[in-house]
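The lines below spell out each chain.
2 protein chains.
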Amino acid sequence: MFFKIIGLLAAVLTTFSFLPQAIKTIKTQNTEGLSLGMYSIFTTGVLFWIIYGFYLKDIAIISANIITFIFAISILIVLIKNNFKK
Amino acid sequence: MFFKIIGLLAAVLTTFSFLPQAIKTIKTQNTEGLSLGMYSIFTTGVLFWIIYGFYLKDIAIISANIITFIFAISILIVLIKNNFKK
Numbered sequence: 864m865f866f867k868i869i870g871l872l873a874a875v876l877t878t879f880s881f882l883p884q885a886i887k888t889i890k891t892q893n894t895e896g897l898s899l900g901m902y903s904i905f906t907t908g909v910l911f912w913i914i915y916g917f918y919l920k921d922i923a924i925i926s927a928n929i930i931t932f933i934f935a936i937s938i939l940i941v942l943i944k945n946n947f948k949k
Numbered sequence: 864m865f866f867k868i869i870g871l872l873a874a875v876l877t878t879f880s881f882l883p884q885a886i887k888t889i890k891t892q893n894t895e896g897l898s899l900g901m902y903s904i905f906t907t908g909v910l911f912w913i914i915y916g917f918y919l920k921d922i923a924i925i926s927a928n929i930i931t932f933i934f935a936i937s938i939l940i941v942l943i944k945n946n947f948k949k
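So the protein sequences, as listed, match chains P and G. All residue numbers for the first sequence refer to the numbering used here, where the first residue is 864 and numbers rise by one. All residue numbers for the second sequence refer to the numbering used here, where the first residue is 864 and numbers rise by one.
Hints are supplied without guarantee of correctness; some may be wrong.
The list treats identical chains as interchangeable, and a pair is accepted whether it falls inside one copy or across any two copies.
To be verified - Calculated pairs, DSBU-like style, for lysine-lysine (alpha carbon to alpha carbon, straight line, at most 35 angstroms):
{"no.": "1", "residue 1": "948", "residue 2": "887"}
{"no.": "2", "residue 1": "867", "residue 2": "949"}
{"no.": "3", "residue 1": "920", "residue 2": "867"}
{"no.": "4", "residue 1": "949", "residue 2": "920"}
{"no.": "5", "residue 1": "890", "residue 2": "949"}
{"no.": "6", "residue 1": "948", "residue 2": "920"}
Hints in this document: simulated from the structure, not taken from any laboratory. The structure presented is a predicted model; accordingly, all values stated were derived computationally and were not measured.
Model the full assembly from the supplied sequences, consistent with the hints where possible.
As structure tokens, then:
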């Protein structure tokens, strides 16, 4: 049981960890230290996890990655916007 | 076979996406737009994935998350260092 909780915590923490970054980026519109490369690759990877989750019919993989995708894409949009301004 | 490749790509992309951010942060030492909250929570979550991976004896979960942990902790160290300077 203990390790099942560790696994659940791992999923919840890595999924919701992007929330404080999304809030900071949307609030400050400051993406100076952020890597456009990271968020482009990461968002694509998360999208693949969602597709793979549907293939496996695994609701945990689907839901966790849809949440992460929403946070990551909102950061990526601000990053792209700021990059166009330069 | 196609979806197995999608799953593998998802894991590789989300794991290595943190490499460009780690390189940028170490090179520029600029963490202005980065969220300390995100990287603290994310690094903890990745650590839990490693523990869970050992419990499952799943080499893919263990190796992917050890790689991500190395990138994430290097970003977190610079973030903490900069926060102490303020």
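Hint check against the structure, violated hint numbers in rising order: 2, 4, 6
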